[in-house]
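Engineer: Sequence:
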Amino acid sequence: MIGVVASATIIGDMVATRLAGLGESLDLRRIERELARAADPKNDFTPEQQERLAVYLRALVKRLQPLATELAPLFCGPESRRG
Numbered sequence: 499m500i501g502v503v504a505s506a507t508i509i510g511d512m513v514a515t516r517l518a519g520l521g522e523s524l525d526l527r528r529i530e531r532e533l534a535r536a537a538d539p540k541n542d543f544t545p546e547q548q549e550r551l552a553v554y555l556r557a558l559v560k561r562l563q564p565l566a567t568e569l570a571p572l573f574c575g576p577e578s579r580r581g
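When we follow our numbering, the leftmost residue of the sequence shown carries the number 499, and every step to the right adds one.
Be aware that one or more of the hints could be misleading.
Distance ranges between label pairs, derived from CB positions [what the hints assert, rightly or not]:
#1 544 / 571: 37 to 45 Å
#2 556 / 534: 25 to 33 Å
#3 527 / 556: 29 to 37 Å
#4 572 / 547: 31 to 39 Å
#5 568 / 540: 34 to 42 Å
#6 541 / 512: 13 to 21 Å
#7 551 / 524: 32 to 40 Å
#8 547 / 512: 30 to 38 Å
#9 551 / 512: 14 to 22 Å
#10 544 / 572: 16 to 24 Å
#11 538 / 563: 27 to 35 Å
#12 541 / 571: 30 to 38 Å
#13 565 / 539: 27 to 35 Å
#14 548 / 511: 18 to 26 Å
In case anyone wonders, no lab produced these hints; they're calculated from the structure. Glycine included, C-beta positions come from ideal geometry on N, C-alpha and C.
Take these sequences, add in the hints, and give me the full structure.
Structural biologist: Encoded structure:
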């Protein structure tokens, strides 16, 4: 169970690091391994872990929403941008 959270942390750290240096290539093999490990049923969340993660995700969504709004035109076209 802790491995799942650690895997998510590793992936998040990798993404942040790679975004900081956009010229670098992603280690896609490592991402694939971590996703496979995180998806393994033996790493299912306990109800307590699931609730804690939901709280963390809600906080992150609130914090990142303005940035996601700025990225929306990449996926939906310019009319999707607010403001």
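Engineer: Which of the stated hints cannot be reconciled with the structure, identified by number in ascending sequence?
Structural biologist: 7, 8 and 10
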